[in-house]
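First residue of the sequence shown: 1422, per our numbering; consecutive thereafter.
These are computed hints drawn from the structure, not numbers from a lab. You may find that some hints are simply not true.
[Said to hold, decoys possible] Derived lysine to any residue pairs resembling SDA-like cross-links, with alpha carbons at most 25 Å apart:
1. LYS1561 <-> VAL1467
2. LYS1504 <-> GLY1446
3. LYS1504 <-> VAL1449
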Amino acid sequence: MHTFLSRVNAVSAFSLSTLAALTFGCFVSTFLISYKAPVSITAANVVLKNVPEYAVSRDKNDLGALRFDMTSDLTPLFNWNTKQLFLYLMAEYETHNNKVNQVVLWDKIIRRGEASLVTLKNQHLKYYFWDDGNGLLGHKNVSLSLSWNIIPIAGTLPLWGGSGSYKLSFPNEYTQGRSSY
1422 MHTFLSRVNA VSAFSLSTLA ALTFGCFVST FLISYKAPVS ITAANVVLKN
1472 VPEYAVSRDK NDLGALRFDM TSDLTPLFNW NTKQLFLYLM AEYETHNNKV
1522 NQVVLWDKII RRGEASLVTL KNQHLKYYFW DDGNGLLGHK NVSLSLSWNI
1572 IPIAGTLPLW GGSGSYKLSF PNEYTQGRSS Y
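Please work from the sequences and hints to get the whole structure.
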């Protein structure tokens, strides 16, 4: 009547169809959840230098440095479909050369089961704050904000931002010599 292989094929096809439907149900059940959280960010010890960036050219570009404090409770972002969070602190500003400048200054991955209360005090930047020119000198409207990607078990990879940002001002002249920001 039916061979062993045809029965294995039928059971496998039914099992995979059932698993696909359950995975889709997992995705749909968390699709409309809001992943917003309040974030408090402050910055201090803002330093600005004009140095050559040898990776691209020998032209002098602005290099900003600062220390920041950040607190946020990200516990509500975790549900049964959240595998991990990819957090990143971003600076956004406008210059004459570019309408939108976005620079990632710091990032962190928080996995399910790890402490999801972020409390950073007097934290250094993880990445350089380069501007492709002299757009940071005297800039009074640089916005620092925390955003995150939700890495789900099943479904799309949504991008969310925290509610709360910090407006940063850079000095009107460059810092000379070594600085211990």
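Next item on the list: Starting from the hint list further up, note which numbers the structure goes against and sort them upward.
Entry: Every hint satisfied by this model.
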